[in-house]
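J.: Construct the entire structure; sequences and hints are all you get.
If you want the building blocks of each chain, they are given just below.
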Amino acid sequence: MIQVQNLTHRYGDRVALNRVAFEVAKGEIFGLLGPNGGGKSTLFRILSTMMVPTEGTASIAGIDVARDPASVRRKVGVVFQTQSLDKALTVEENLRAQGHLHGLSGATLRERMDFAMQRLGIADRRSDLLETLSGGLRRRVEIAKALLHRPQVLLMDEASTGLDPSARREVSRHVEDLRKEEGVTILLTTHILEEADRCDRLVLLHKGDIVGQGSPRELRARIGGDVVVLDAAAAETLAGKVRERFQVPVSVMENQVRIEIRNGHRFITEVVEAFPGEIDSVGLHKPTLEDVFVNLTGASFDE
Amino acid sequence: MSSFFLSAATLWQRELIRFWRQKSRVLGVVASPLVFWLVIGYGSNDLARFYSGALVLTVMFSAIFSTISIIEDRREGFLLSMLVSPAPRTSLVLGKILGSATLAWLQGLIFLAFAPLAGVSISLRGLPPVVAAIFLVSFTLTAMGFVLAWKMDSSAGFHAIMTLLLMPMWMVSGALFPMATAHGWIRAIMWVNPLTYSISLLDNTLRLRNASPGAAESLVVTAVVGVALLLISGLMAAQKSTRSAA
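As given, the protein sequences belong to chains A and B, one line each in that order.
Be aware that the first sequence starts at 0, since it is given in numbering that gives the first Met the number 0, and climbs by one per residue.
Be aware that the second sequence starts at 0, since it is given in numbering that gives the first Met the number 0, and climbs by one per residue.
Quick list of the computed label-pair ranges, beta carbon to beta carbon:
hint : chain 1 : residue 1 : chain 2 : residue 2 : range
1    : B       : A222      : A       : D67       : 33 to 43 Å
2    : A       : A106      : B       : P177      : 52 to 62 Å
3    : A       : Q212      : B       : A222      : 55 to 65 Å
4    : A       : R13       : B       : V38       : 52 to 62 Å
5    : B       : A237      : A       : N254      : 52 to 62 Å
6    : B       : A30       : A       : N5        : 50 to 60 Å
7    : B       : E71       : A       : A106      : 32 to 42 Å
8    : B       : S243      : A       : G297      : 22 to 32 Å
Simulated coverage check for chain B against chain A, where a stretch passes if three residues somewhere in it have a Cβ under 8 Å from a Cβ of chain A:
hint : segment
9    : 14-27
10   : 83-93
11   : 228-241
Calculated from the structure, these hints are not laboratory results.
Cβ coordinates follow ideal geometry from the N, Cα and C atoms, glycine included.
T.: Spelled out as C-alpha cells, the structure:
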C-alpha cells in the first residue's frame, strides 16, 4: 500500500533522510520509531505531500506522492502532530469545512460526519467550540476529520504527543478498531516505545538511516536473553572491570552500565558479589525496543 | 468544477464565522482611521478631502489583519488541513482572499455610514457603484496582503511590512496630498502606487472631487492589479517545494 524507495532528503547540506526504503502492506499498522531528529518528520512530510523529496520515490496506493499529490490526497487521511483544526469553530463546523475541501457535500457529507464522530466517540460534543475541548478529545476530532473521505491510508504524526496515558490508550484503541473494522492501513510516527510496541511492523530511524526493521518481536529477538542495567557513579571504570572479568559486551551511558546477556538473574548475583560497593543499583528486564535501538546505534534513545 | 467552488465557499464562510465570533475586531479596524480622519479633517476644516483616504485606510487595516491570519493558520495548523486536502490550491487561495475581502468590505461599509459627516449624500441609485468600488478596493488590498503574508512565518515580520511598506504607500497615495501638486519624484511614486488608484476611484465614485487619475483609469488599474495579485497568490500556493509547505 505504501512503497518507499531509495528516498533521500536534504535540507541544504544536511541529510535528513538517507536512502530510506520500506514497504507497508494493506491493513498493517506500521510504525516509524526514532528519537527526535531521526528523520521521522521529514519522511512524514514527504508521504503527506507537504513537500517533495530531493531524491528517490514514495508512492501510496500505487501513486507517486511527488508527481501526483492531488490523487494521493484523495486516498490519504492525515493526522498531524500539531493541531490542524480551527479553534474558533465547533467540532461540526470543522468537520464540515474539511468535508467540503474533499468535495463532499449534502447527505453524503452528513452521513460521513455522523459516522466519523460516532467512530471516535465525539458525537455528543459536535456543537462545542474546539477551544473548549481537552487535548485528548481534540486529537479524536483530528482523527475523525482525517476519516471523512474514507481514506485507504491513515498517516499519523506523533498522534499521542501531549496526551495523558489514558487518552493515549483511548486513541490507540480507536486506531486498532479502524484497522480491524475498516481495513485502513495506518502509518504512524512515534517516539513513544509502548506505542511502537503495538505496531505490526516498525522501522527504526536514526539520523536519517533505517537502522532496524521488522515486527517488535523480531526486533527484540535481536537481543538474546535479558538486559542488565547497573547504576554506578564510576560507570566507565566499572564497565572495564565487568568486561575483563566476565568477557561480555558492555555499553556505558551516563551513569549506567548495560549488559545484554542470557540468564541475567544469575549474572546479577555474580556481578554484585564481584564488585561490592561499586554498584548503586541493579536492574533486569526483558529487551525493550529502546534496548534494540541502543544495541543498533550505540546511541541513547532520549538524545 | 463544483468542488472548486465548494472549497472556495467553505473557506469564505469560515472567515465570516471567525469574524462574527470576534466582533471586537470591527472596533479596532474602524476606530483608528475614524479618529485619524476626524482629527485631521476637523483640524484642516476639510473632512471631505481626507474621507477617501481614511476609508482606504480602514479597508487596508482590515485586509491586512485578515491576511495575517494566514500566518496564524500556518502556525496553528488549519493551513495544514487545507494543504493535505485534494482541493485545488487556487480554490483555497480564492476562498481565503474573497473571505478576507468580504470582511474588509463590510468594515469599509461601516465607515461609509460616516460619509454624511463629510458632506456626502449618497442617493439610493448612487449606492451600488460606491458599494462595488469599496469591494473592488477591498479585494485588491486583500490580494496584496496575501502575497505579502504567504511566505512569512511570523506576524512580527508582517508588522515591519506594515510600517515600512504599507503605511508609506498609503501616505503617498493621494490620501494626504494630491498628485497634481506633488514634487516630481514623489509624483512618480504616486503614479505607480496602486493605492493612488484606490483612493481616486473612491473620490470619483463618491464625487468628492475630480480626482486624478480619472474614474475609468482608476477602475481599470485597481481591477487589473487585483486580478494580477490573485494570480500571483495562486501560483505561489501551488508551488511544489522540497521545503515543507507548513
